[in-house]
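K.L.:
If you want the building blocks of each chain, they are given just below.
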Amino acid sequence: MPTIFDLLNQFDFLRGLPAVYLVLLTAVIIVVAWDWRLALLALLSQYLFAGLLFADVLDPRLMVVKVLNGLFICLILYITARQINWGRLPEDLTPPEIARVEEEPHVSLGPLRVPVQAPLRLFLVMLLVLLIFTVGQRPFLQLPGIVEAQSHLNLAIFILVGIGLLGMAVTTAPLPAGMAALTFLTGFELFYSLLEQSIASLALLVVVNLLVALVVAYLMQRYRAWSVLIE
Amino acid sequence: MMWNQPAFWIMALPLLAAAILWPLGRWPRAQAVTGAALALLLALWLRSLDLPAEGAIWSVVGRSFILTPGLQPFFVFLLLSLGLLSLLAWPIPAGPRFVPVALGLLAPAAGMLMIRPFIFAAPFWFVLVIAGLLLFRYEDDAGMAAVQAALRYWLLMLVALLLLLLATWMLGSTQAVLLFGARLLLLALAIMLAGFPFFIWVRPLVTAVPLLALPVLLVLLPLLALVLAVQLMAAYPLIGQTDAFLVWLPWSAGLTVFLAGFLTLSGGGWRLLLASLVLLDMGFALLSLGLVPFGGWETAVSQHGLRLVSLLLVVAGLALMSEGNRYSLSGNRYQGWLLLYGLLSLLGLPLTPGFSGRWLLLVDLGRSELASLPLALLLVGGMGLAAWGIVRQIRRLADGANGADGAEETADNSDRRQRVAALVVLLLAFVLATFPQLLLTPLRLAAPIF
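Residue numbers (my numbering), protein chains in the order written: chain V, 1 to 231; chain Y, 1 to 450.
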């Protein structure tokens with residue numbers, strides 16, 4: 001059975017900037033994707049790729065705790081999303097009923113029903129990414145605790161925190177907003193791990209992450225319960 | 001041993017009380033009375049403790065919870081406030097979760113203010129916020145709006161938590177990063193205390209929680225954040241002298257007051273007007289935080305206590321005139337006066353209980369370096385706009401227009417008991433306004449000393 005160190009060696013080609021680009025891709029999907037299954041899969045992948053970034057900062061044995069924590073969070077969100085049928089409306093609703101309970105209007109693009117705000121979200125995310133790549137690596141925006149060899153972490157932190165904040169701002173449903181919050185939290189943890197690497201702070205952030213997942217699950221249940229009742 | 005540690009029991013007993021009260025949710029009156037009795041018993045026990053000058057220290061896995069003699073009266077004040085709110089849950093329905101959650105809040109609140117190092121205070125704050133989420137009206141007509149309000153509140157508090165974590169780490173490390181730490185701390189406080197530009201959680205929250213939860217979420221939780229800030233400023237006196245606290249904070253507070261005044265003009269029902277006025281008062285409280293280095297933190301605690309009184313007047317007025325979620329002025333003359341008096345008290349006009357808070361702030365401001373003409377213009381402008389907003393709301397109701405929460409002009413739904421109750425509360429409030437020392441003296445005693 002391969003050890004953590006063997007696994008890290010196997011995925012060595014993904015470490016550094018490739019991991020940053022993969023994390024960027026997953027963060028964009030989380031904010032833009034209107035299908036929660038895709039967004040949750042992106043969140044799961046994000047925890048795995050972020051693990052490679054954490055390996056640059058933490059002892060690999062501690063990094064595994066972060067990854068496992070992420071997997072537990074995805075499990076909590078998966079169970080919640082299944083319970084509320086992935087946020088889908090019941091199929092027997094009439095158009096006026098759909099208009100009443102739908103969070104945002106949709107347009108049909110062939111077989112797809114796309115929220116009208118999705119292109120706007122994509123545009124905002126692209127704008128933000130452009131901004132981060134343009135100014136995020138300037139010397140005055142270098143975060144404390146990052147040495148030159150770890151400059152990719154600076155970029156990763158800005159990407160996760162920035163896109164996470166944007167995701168929290170552009171949605172009103174608890175699950176997408178919660179996944180954006182978890183993205184933001186991952187970026188914060190990456191930064192915080194550079195400053196403080198004690199077991200106590202690691203445990204503290206694990207607890208905060210789990211609490212976030214539980215609150216998202218609680219609010220999502222409440223949210224969908226009301227959609228059904230309004231129906 | 002933790003069994004003989006007051007710091008342990010002050011966190012364990014409220015949780016135990018909450019566990020006792022939770023199953024009583026089916027019998028709201030019994031729950032309310034039991035909750036008030038338990039809060040009173042806890043307050044008496046806490047008051048009877050004879051603490052050493054350095055405080056009672058309980059060490060857990062290398063961290064310490066320190067119950068100091070300075071915090072003791074503050075916790076008693078919290079317990080008495082929560083006891084009063086529990087008792088009010090008898091005449092004013094607040095849902096089966098309100099009393100246990102309100103009392104249980106004391107556990108994380110105590111943990112947050114007692115734990116050292118400060119970095120571990122932030123998660124306790126987060127637990128407080130999560131407990132606060134249980135108070136929202138998810139089961140009501142506006143359930144989806146309540147979820148959205150709760151989500152907005154919680155997301156902002158999550159950001160505040162992370163900023164607080166970073167700030168406390170930076171304050172506790174080296175002097176070199178203290179300036180940046182102070183700025184992050186101010187950002188976190190601006191979110192927790194609804195300062196500009198992070199005040200967006202207040203208005204949705206006011207419309208999404210039961211009336212009795214308003215004092216918990218808009219007075220007690222911000223007060224806890226403020227006391228934590230004062231503790232940090234006492235431990236690291238330099239942060240009170242940074243540009244964050246001497247320049248940014250007064251502007252944030254001034255803009256909050258001005259925008260709150262502006263928002264009172266936006267119409268809507270009583271709840272939205274109330275939200276704007278609470279925001280205005282929170283702006284003033286934020287300003288008092290900037291006065292901490294000049295000895296103004298007693299004023300800050302007093303302002304929160306007075307906000308509690310003003311909010312209780314409004315809550316009593318609204319509760320006595322409400323029919324479900326509909327509020328009617330016609331036929332509810334005394335209740336209407338009570339409501340109006342509470343709103344004016346939040347505004348801080350003379351001859352209301354809220355005025356003494358404004359007066360104390362004015363005195364402190366005069367002694368400090370924060371006072372400036374633009375700031376004064378913002379504060380006066382905000383108050384003027386808010387006064388005009390109240391007048392407009394009354395005129396709108398007098399013209400027979402309905403507010404967003406369904407104010408109606410027709411039904412005479414006021415019975416004799418409600419009128420008498422409103423009149424008694426009104427007279428009591430007037431006595432408190434005439435003799436402000438009745439309130440200010442205990443509030444000064446409650447202000448923790450560090």
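By construction, these hints were calculated from the structure, which means they are not laboratory data.
Hints should not be assumed to be uniformly reliable.
[As the list claims (entries may be wrong)] Take a look, some chain Y residues computed to stay more than 12 Å from chain V by CB distance: (1) Tyr138; (2) Arg152; (3) Leu375; (4) Arg395.
[To be verified] Residues from chain V that face chain Y, not an exhaustive set, calculated with beta carbons under 7 Å: (5) Val67; (6) Pro111; (7) Arg113; (8) Leu122; (9) Pro139; (10) Leu141; (11) Thr172; (12) Ala177; (13) Phe188; (14) Glu196; (15) Val215; (16) Tyr223.
We treat Cβ as the ideally placed atom computed from N, Cα and C, and that holds for glycine.
K.L.:
It remains to establish, for every hint, whether it holds in the given structure.
P.N.:
We went through each hint and held it up to the structure:
Its beta-carbon lying about 5 Å from the closest one in chain V, Y/Tyr138 breaks the requirement of being farther than 12 Å from that chain. Non-interface call for Y/Arg152 relative to chain V: violated, since the shortest CB-CB distance, roughly 8 Å, does not exceed 12 Å. At roughly 30 Å, the least C-beta separation between Y/Leu375 and chain V is larger than 12 Å, which holds for a residue marked as non-interface. Residue placement check: Y/Arg395 keeps its beta carbon more than 12 Å from all beta carbons of chain V (closest about 34 Å).
Violation of the interface hint for V/Val67 is found here, the shortest Cβ-Cβ separation to chain Y being roughly 20 Å, above the 7 Å cut-off. The interface hint given for V/Pro111 is violated, since its Cβ lies 29 Å from the closest Cβ of chain Y, which is over the 7 Å cut-off. Below 7 Å, beta-carbon pairs count as interface contacts, and V/Arg113 has none with chain Y, the closest being about 21 Å; its hint is therefore violated. The restraint placing V/Leu122 at the interface with chain Y is violated, with a minimum CB-CB distance near 21 Å, outside the 7 Å limit.
A least Cβ separation of about 16 Å between V/Pro139 and chain Y goes past the 7 Å threshold, and the interface hint is therefore violated. Interface restraint check: V/Leu141 against chain Y, minimum CB-CB distance 13 Å, threshold 7 Å, status violated. Below 7 Å, beta-carbon pairs count as interface contacts, and V/Thr172 has one with chain Y at about 5 Å; its hint therefore holds. Hint status for V/Ala177 relative to chain Y: holds, with the closest Cβ pair at about 6 Å, below 7 Å.
Nearest Cβ of chain Y to the Cβ of V/Phe188: about 5 Å, under the 7 Å cut. The hint holds. Contact between V/Glu196 and chain Y, as hinted, is supported at the beta carbon level, the nearest pair being about 6 Å apart and thus within 7 Å. Because the beta carbon of V/Val215 sits about 6 Å from the nearest beta carbon in chain Y, less than 7 Å, this interface hint is met. The restraint placing V/Tyr223 at the interface with chain Y holds, with a minimum CB-CB distance near 4 Å, inside the 7 Å limit.
The structure fails hints 1, 2, 5, 6, 7, 8, 9, 10 (numbered hints given earlier, in ascending order).
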